[in-house]
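> Each chain is listed here by its residues.
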Amino acid sequence: MSVAWEVVIGLEIHAQLATKSKIFSGSPTAYGADPNTQANLVDLGYPGVLPVLNKEVVRMATLFGLAVSATVARRSVFARKNYFYPDLPKGYQISQLELPIVEHGEMHIIGVDGMEKRIGITRAHLEEDAGKSIHEGLDASSGIDLNRAGTPLLEIVSEPDLRSAKDAVTYMKKIHTIVHYLGISDGNMQEGSFRCDANVSVRPMGQKELGTRAELKNLNSFRYIEKAINIEVERQIDLIEDGGTVVQETRLYDSDKDETRSMRSKEEANDYRYFPDPDLLPVEISNEYIEAIRATMPELPDAKQARFIDEYELKSDDAAILTASRMLADFYEGVVKATDATAQVAANWVIGDLGGALNRDGLGISDSKISSDELAGLVDRIHDDTISGKIAKQVFEAMWDGEGSADDVIESKGLKQITDSGAIELVVDKVIADNLGQVAEYKAGKDKLIGFFVGKVMQETKGQANPGQVNQMLRDKLK
Amino acid sequence: MDMHRQTLTELCAGLDKGDFTSVELTQTLLDRVAAQDEKLNAFITVTSTEALAAAASADKARAAGNIGALNGLPIVHKDIFCTEGIKTTCGSKMLDNFISPYNATVVQKMADAGAVILGKSNMDEFAMGSSNETSFFGPVRNPWNLECSPGGSSGGSAASVAARLAPAATGTDTGGSIRQPAALTGTVGLKPTYGRVSRYGMIAFASSLDQAGMITRSAEDAARMLGVMAGFDERDSTSIDQAVPDYLAGIGESIKGLRVGVVRQHSDEGLEERTGARAKDAIAVLESMGATTVEVDLPNIDLSVPTYYVVAPAECSSNLSRFDGVRFGHRAENAEDLLDLYCRSRGEGFGDEVKRRIMTGAYVLSAGYYDAYYIKAQQVRQLIADDFKKAFADVDLIAGPTAPSPAFKLGDKVDDPIQMYLNDIYTIGANLAGLPAMSVPCGFVDDMPVGLHLVGPHFGEEMLLRCGHQYQQETDWHIACPEAFK
Amino acid sequence: MSLDKEQVQHIAMLARLNLSDEEYAESVEKLSKIVDFVDQLSAVDTTDVVPMAHPVDAAQRLRPDDVTATNDRDHYQQNAPEVVDGLYLVPKVLE
Numbered sequence: 000m001s002v003a004w005e006v007v008i009g010l011e012i013h014a015q016l017a018t019k020s021k022i023f024s025g026s027p028t029a030y031g032a033d034p035n036t037q038a039n040l041v042d043l044g045y046p047g048v049l050p051v052l053n054k055e056v057v058r059m060a061t062l063f064g065l066a067v068s069a070t071v072a073r074r075s076v077f078a079r080k081n082y083f084y085p086d087l088p089k090g091y092q093i094s095q096l097e098l099p100i101v102e103h104g105e106m107h108i109i110g111v112d113g114m115e116k117r118i119g120i121t122r123a124h125l126e127e128d129a130g131k132s133i134h135e136g137l138d139a140s141s142g143i144d145l146n147r148a149g150t151p152l153l154e155i156v157s158e159p160d161l162r163s164a165k166d167a168v169t170y171m172k173k174i175h176t177i178v179h180y181l182g183i184s185d186g187n188m189q190e191g192s193f194r195c196d197a198n199v200s201v202r203p204m205g206q207k208e209l210g211t212r213a214e215l216k217n218l219n220s221f222r223y224i225e226k227a228i229n230i231e232v233e234r235q236i237d238l239i240e241d242g243g244t245v246v247q248e249t250r251l252y253d254s255d256k257d258e259t260r261s262m263r264s265k266e267e268a269n270d271y272r273y274f275p276d277p278d279l280l281p282v283e284i285s286n287e288y289i290e291a292i293r294a295t296m297p298e299l300p301d302a303k304q305a306r307f308i309d310e311y312e313l314k315s316d317d318a319a320i321l322t323a324s325r326m327l328a329d330f331y332e333g334v335v336k337a338t339d340a341t342a343q344v345a346a347n348w349v350i351g352d353l354g355g356a357l358n359r360d361g362l363g364i365s366d367s368k369i370s371s372d373e374l375a376g377l378v379d380r381i382h383d384d385t386i387s388g389k390i391a392k393q394v395f396e397a398m399w400d401g402e403g404s405a406d407d408v409i410e411s412k413g414l415k416q417i418t419d420s421g422a423i424e425l426v427v428d429k430v431i432a433d434n435l436g437q438v439a440e441y442k443a444g445k446d447k448l449i450g451f452f453v454g455k456v457m458q459e460t461k462g463q464a465n466p467g468q469v470n471q472m473l474r475d476k477l478k
Numbered sequence: 000m001d002m003h004r005q006t007l008t009e010l011c012a013g014l015d016k017g018d019f020t021s022v023e024l025t026q027t028l029l030d031r032v033a034a035q036d037e038k039l040n041a042f043i044t045v046t047s048t049e050a051l052a053a054a055a056s057a058d059k060a061r062a063a064g065n066i067g068a069l070n071g072l073p074i075v076h077k078d079i080f081c082t083e084g085i086k087t088t089c090g091s092k093m094l095d096n097f098i099s100p101y102n103a104t105v106v107q108k109m110a111d112a113g114a115v116i117l118g119k120s121n122m123d124e125f126a127m128g129s130s131n132e133t134s135f136f137g138p139v140r141n142p143w144n145l146e147c148s149p150g151g152s153s154g155g156s157a158a159s160v161a162a163r164l165a166p167a168a169t170g171t172d173t174g175g176s177i178r179q180p181a182a183l184t185g186t187v188g189l190k191p192t193y194g195r196v197s198r199y200g201m202i203a204f205a206s207s208l209d210q211a212g213m214i215t216r217s218a219e220d221a222a223r224m225l226g227v228m229a230g231f232d233e234r235d236s237t238s239i240d241q242a243v244p245d246y247l248a249g250i251g252e253s254i255k256g257l258r259v260g261v262v263r264q265h266s267d268e269g270l271e272e273r274t275g276a277r278a279k280d281a282i283a284v285l286e287s288m289g290a291t292t293v294e295v296d297l298p299n300i301d302l303s304v305p306t307y308y309v310v311a312p313a314e315c316s317s318n319l320s321r322f323d324g325v326r327f328g329h330r331a332e333n334a335e336d337l338l339d340l341y342c343r344s345r346g347e348g349f350g351d352e353v354k355r356r357i358m359t360g361a362y363v364l365s366a367g368y369y370d371a372y373y374i375k376a377q378q379v380r381q382l383i384a385d386d387f388k389k390a391f392a393d394v395d396l397i398a399g400p401t402a403p404s405p406a407f408k409l410g411d412k413v414d415d416p417i418q419m420y421l422n423d424i425y426t427i428g429a430n431l432a433g434l435p436a437m438s439v440p441c442g443f444v445d446d447m448p449v450g451l452h453l454v455g456p457h458f459g460e461e462m463l464l465r466c467g468h469q470y471q472q473e474t475d476w477h478i479a480c481p482e483a484f485k
Numbered sequence: 000m001s002l003d004k005e006q007v008q009h010i011a012m013l014a015r016l017n018l019s020d021e022e023y024a025e026s027v028e029k030l031s032k033i034v035d036f037v038d039q040l041s042a043v044d045t046t047d048v049v050p051m052a053h054p055v056d057a058a059q060r061l062r063p064d065d066v067t068a069t070n071d072r073d074h075y076q077q078n079a080p081e082v083v084d085g086l087y088l089v090p091k092v093l094e
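Chains as they are written, first to last, in numbering that gives the first Met the number 0: chain E, 0 to 478; chain R, 0 to 485; chain S, 0 to 94.
Hints in this document: simulated from the structure, not taken from any laboratory.
Misleading hints may appear alongside valid ones.
What the hints assert, rightly or not - EDC-like mimics (lysine to aspartate or glutamate), calculated; alpha carbons at most 16 Å apart, straight line:
| # | chain 1 | residue 1 | chain 2 | residue 2 |
| --- | --- | --- | --- | --- |
| 1 | R | 389 | R | 296 |
| 2 | R | 388 | S | 56 |
| 3 | E | 429 | E | 372 |
| 4 | E | 226 | E | 257 |
| 5 | E | 54 | S | 65 |
| 6 | E | 336 | E | 379 |
| 7 | E | 19 | S | 56 |
| 8 | E | 336 | E | 301 |
| 9 | S | 91 | R | 339 |
| 10 | S | 91 | R | 335 |
| 11 | E | 54 | R | 267 |
| 12 | S | 32 | R | 415 |
| 13 | S | 91 | R | 49 |
| 14 | R | 279 | R | 267 |
| 15 | S | 4 | S | 38 |
| 16 | E | 226 | E | 255 |
| 17 | E | 455 | E | 424 |
| 18 | S | 91 | E | 135 |
| 19 | R | 408 | R | 271 |
| 20 | E | 476 | E | 410 |
| 21 | S | 91 | E | 402 |
| 22 | S | 32 | R | 414 |
| 23 | E | 445 | E | 428 |
| 24 | E | 165 | E | 112 |
| 25 | E | 392 | E | 402 |
| 26 | S | 91 | E | 86 |
| 27 | E | 19 | S | 64 |
| 28 | R | 485 | R | 36 |
| 29 | E | 116 | E | 352 |
| 30 | E | 131 | S | 84 |
Note that the structure is predicted; figures quoted are calculated from it, not measured.
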């Protein structure tokens with residue numbers, strides 16, 4: 000007899016906040032500096048130094064809280080989480096336990112089954128990141144780089160409301176989009192600015208109480224999250240079906256072997272001895288402050304998508320693609336505002352040609368080699384019949400290669416569409432004269448040959464003749 | 000008069016008048032330290048070269064008309080304050096080789112005011128102790144009787160001031176570490192309101208209790224020091240942004256009408272009778288000067304010691320986790336692995352009392368005990384703070400003995416932590432509630448000095464200093480000098 | 000004795016303190032005394048009393064998000080027992 004299993008997942012997402020300086024010190028947060036060159040006395044946990052909270056992290060956490068319809072705590076408290084680890088210079092991490100800055104939020108996602116689901120956000124709290132241990136090139140030692148120590152993190156903890164690895168990814172992508180929209184995190188997963196731990200358990204379908212969970216650590220790409228969760232679910236089901244029991248533990252996903260394995264070394268009797276940090280006072284936030292932050296709230300992805308469909312009459316798929324990032328949406332709106340063409344035509348260009356070129360060159364929208372105004376300039380030339388859609392693609396490539404604006408390229412390459420009927424007539428007459436055989440066939444009723452004649456004319460004019468005009472003239476002359 | 004016998008205030012006037020230069024004064028005191036400190040062990044580090052250089056530049060600044068509040072005045076820093084380029088040990092083997100790369104705010108402020116640092120004073124290891132016997136550098140001896148403890152943890156500071164090796168010294172006070180040694184050495188010790196003086200650069204013992212202050216020979220000198228040390232520091236989140244008054248301005252005013260509270264509940268158990276009597280005599284002097292006494296209730300005050308011995312160890316267990324042998328401090332040799340490196344570096348680097356407090360702290364914060372001990376203690380702390388608040392509705396300050404007895408013999412209490420802890424029974428309450436408090440010499444018991452303890456409401460330093468100064472206009476206990484150090 | 004050797008060993012491990020056998024024996028005795036001493040707090044009625052974490056009743060001050068630190072690694076690392084290429088060295092960390 001086989002039991003149907005229900006998968007239960009909760010995510011703890013760590014988003015690095017995009018501040019200039021660290022959460023408790025004036026050190027820079029830039030990524031990739033030489034080891035320990037961005038670690039000052041506070042970050043190093045020197046004797047006698049003290050933390051002072053960065054104003055910006057409070058603003059960012061508040062903004063996030065409001066974006067996920069959460070309660071922003073009027074009073075939140077920093078606590079010390081005590082444990083020894085070389086990347087943790089003070090022997091404790093400053094975090095929030097009992098009174099986090101954000102609580103009781105929620106988010107709606109479209110699940111794999113196409114249904115909308117509410118995912119509860121238990122809390123989001125502020126904490127400091129740890130440094131890094133480096134093992135390469137050192138025999139019996141590890142090297143400690145504390146540049147990252149003290150970088151602000153917002154840890155976003157979901158309820159165990161997710162029911163599949165795919166939904167977990169959808170949820171995480173949506174949080175990723177939101178923090179990016181809010182401008183509070185660069186969300187760069189390669190650099191570790193956005194990573195997550197997943198609490199995974201299974202239970203027989205219909206059972207109320209949760210199964211024992213395993214915590215999967217340090218999942219730092221959307222692909223790995225899905226794979227790791229699926230592998231872990233499989234492991235747990237196999238284990239239970241073979242008569243075993245799941246142990247509550249921390250597990251690490253090994254992407255090379257595609258398996259999860261126990262991290263017993265990290266387990267040994269952790270007792271974090273949390274207590275309120277006596278070096279920091281409670282963070283107090285007024286209603287006025289919250290309202291002032293609310294007033295700065297940008298339009299969020301869901302609202303933007305709905306507006307694009309409504310205002311620009313876009314297809315919903317296109318609207319979803321264009322609102323996946325705030326910068327792309329802004330780029331698109333820049334094109335729409337600057338062009339006389341329809342919003343859908345602009346969308347086609349942004350998603351199609353521009354999207355293709357970015358993809359091909361592995362660039363993000365912020366690295367686009369063509370600005371929104373420049374793209375609008377190109378779209379306008381199609382709209383006003385200066386060039387055909389086909390020529391436009393050629394112009395686009397030239398613009399991408401840095402050959403100037405649409406007008407520059409059209410001018411320098413002489414791609415302007417020929418609309419002068421006298422000029423077109425000369426070519427049409429030549430084509431008719433050169434192909435008398437086909438003319439006879441056409442006249443005998445082979446209508447399809449009109450395409451042949453149009454093609455010939457376009458060939459002669461290097462594609463620059465207005466195809467509609469050519470077609471009409473040929474039909475008139477061949478009557 | 001010999002320079003070393005003058006108070007900070009007198010020396011200041013002498014420098015102003017041109018009676019001597021800072022270099023002369025500094026050299027005199029350095030010579031005294033060289034000659035006398037062998038007996039006391041009050042100094043961990045003597046900074047002769049730096050001191051003479053600072054004195055020379057203070058003299059130059061004076062000639063140019065730039066005269067800071069402490070210009071050219073030699074002082075001693077407790078070795079808990081980080082001093083740039085100078086060894087800062089905190090009395091521990093753990094930091095025996097530690098050269099601070101920065102100055103504590105207090106150190107910087109005093110340097111900016113022109114003070115000259117003679118050296119760093121001995122102390123109980125990480126300020127954990129009441130007898131100076133936990134120092135890795137050996138105990139400090141009491142100038143009044145070399146077989147006795149000077150008290151602790153700021154024992155080196157107190158001994159150096161009492162022995163006229165320095166006119167003033169900084170100290171820190173977590174449970175009485177300025178006031179108790181001041182009482183036991185016949186000096187003045189002031190612990191300001193929590194948040195009045197920056198904690199930045201002061202190596203933390205218990206962050207919610209620690210406060211920097213000073214040991215001097217007179218209340219007037221303390222006022223002079225506090226004016227320089229106090230003030231808001233943006234690098235300390237618990238520093239309070241409140242203007243610093245001119246502490247010297249009001250000390251000359253009469254204490255007529257001052258309401259002095261006497262605590263009804265202070266148990267006499269453990270209080271040496273004559274020590275208590277000296278405090279009562281002192282209060283009688285205040286009454287003779289126009290103060291009135293009022294009995295006040297502090298119903299939970301006897302719980303202050305057990306409360307303290309939960310809160311302080313809890314905070315210290317976490318504060319001292321940074322000493323792990325990786326970035327600074329003692330590192331065990333040939334560690335087998337990471338765990339071995341941690342356990343041996345810390346096992347070797349810390350002394351017994353520090354280890355005991357770290358373990359007590361780890362215990363009271365650990366799973367299953369947190370509520371019963373830590374939360375409970377923080378609740379009782381609130382009760383104690385509330386009691387003080389109520390009392391200060393009726394009185395301007397509270398007076399009593401500073402310590403339950405005069406200085407005890409070295410070795411006497413070292414084996415019984417509870418007996419040692421009870422030394423601070425009268426002083427700990429002010430730390431728990433964050434209140435300013437001061438000890439002034441008020442007589443002798445068997446030729447050993449004892450102190451009068453004055454506690455004020457938050458930011459009541461001016462009143463404490465005025466009361467102390469006025470008392471010192473009527474009495475001369477603070478003038479007394481140990482025979483061997485005259 | 001309110002604490003036994005096993006508990007003291009657990010605490011010493013949490014605190015990463017290596018203790019000799021003698022130190023263990025002494026710690027069991029002295030820590031027990033301390034724990035017994037502070038146990039008197041349990042008799043106090045603290046119903047509805049808010050735990051006091053700070054002696055001052057104030058809110059956390061916030062610092063502007065400005066970079067104020069400059070690199071001073073070499074200076075800071077003068078106190079470090081073992082450094083290679085700017086990295087602090089520890090015995091190999093096993094993941």
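> Any hints this thing doesn't respect? Which numbers, in order?
3, 7, 8, 11, 13, 15, 20, 21, 23, 29
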